[in-house]
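Novice: Sequence:
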Amino acid sequence: MKNLFIPLLACIACAVIVSFTAVSVRSTQDLNLENDKKSKILLAAGINSENINEEFEKIEIIYVNFKSNELVEMDEKYDHLKATLKSDLSTAVPKEKDIAILKRMENVGPMYLWLDKEDNIEKVVLPIRGYGLWGTLYGYISLASDLNTINGIEFYEHKETPGLGAEVENEEWKNIWKGKILYNKDGGVELKVVKGASSNKYEVDGLSGATLTSNGVSNMIEYWLGPEAYGPALKKVKETFNS
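Positions -21 to -1, 1 to 222 (mature numbering (1 follows the signal peptide of the UniProt record, and there is no 0)) are the ones given, in order, by the sequence shown.
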């Protein structure tokens, strides 16, 4: 009996160690992913800093209910992407409207605001996502104080082809976005990614050899900044903070 007890005890100890290690590794991975997202939010806003958490404290995070277009309060642990996995926190996107190929979208989404001393908006960052060639691209787009001029764009996760669609991470291409205009005079999303685009303020030059990725980026911009998502909320935010 004693001879059996020692191996059993050793097995239990090993199981505990393996379990603890797995949890520790997962926690570290989650923290790294969270910091990467924060870094991309800052970069989209034009802020390149090693003090990520310090810079993030300067941001006002608000939430919009996409169904009512009202600003709502949410727990700080709320994850809008995880919400898409729950039927009570998300909604199926009708096929005729699903240009970004989302299938489901969260009912509530975050908005990251930088405010001046008078609580006027300096810039805002919004999460965007949509299907490219091989999978969904996840990123952030930043708007200037007029909520119409592009301040920057960043992607933190994608499955696009290296050297082609993966060029969404290319600094030269991302710089093309700065200063482009999002909405036309009628308030519709006019900005598109177009191959061989000129200096047109509503066009961003497409990625060479990556038409489907370019189209995917165009579609996600049109969807997330349009009437189905952040479009109405941006108007409300402008009235609320810039009044």
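By construction, these hints were calculated from the structure, which means they are not laboratory data.
One should not assume that every hint holds.
[What the hints assert, rightly or not] Just the calculated beta-carbon pair ranges, DEER-fashion: (1) Glu36 x Leu60: 17 to 27 Å; (2) Ser177 x Glu36: 17 to 27 Å; (3) Ser28 x Asp67: 32 to 42 Å; (4) Glu101 x Pro211: 40 to 50 Å.
The beta-carbon is built from N, C-alpha and C at its ideal position, and this holds for glycine as well.
Novice: Hint by hint, note whether the structure agrees.
Specialist: Verification of the hints:
1. Glu36 x Leu60: 17 to 27 Å: For Glu36 and Leu60 the Cβ distance comes to about 22 Å; the hint holds.
2. Ser177 x Glu36: 17 to 27 Å: violated (41 Å)
3. Ser28 x Asp67: 32 to 42 Å: Check passed, 37 Å falls within 32 to 42 Å.
4. Glu101 x Pro211: 40 to 50 Å: The hint (40 to 50 Å, Cβ to Cβ) is violated, given that Glu101 and Pro211 are roughly 21 Å apart.
In this structure, the hints that do not hold are numbers 2 and 4, in rising order.
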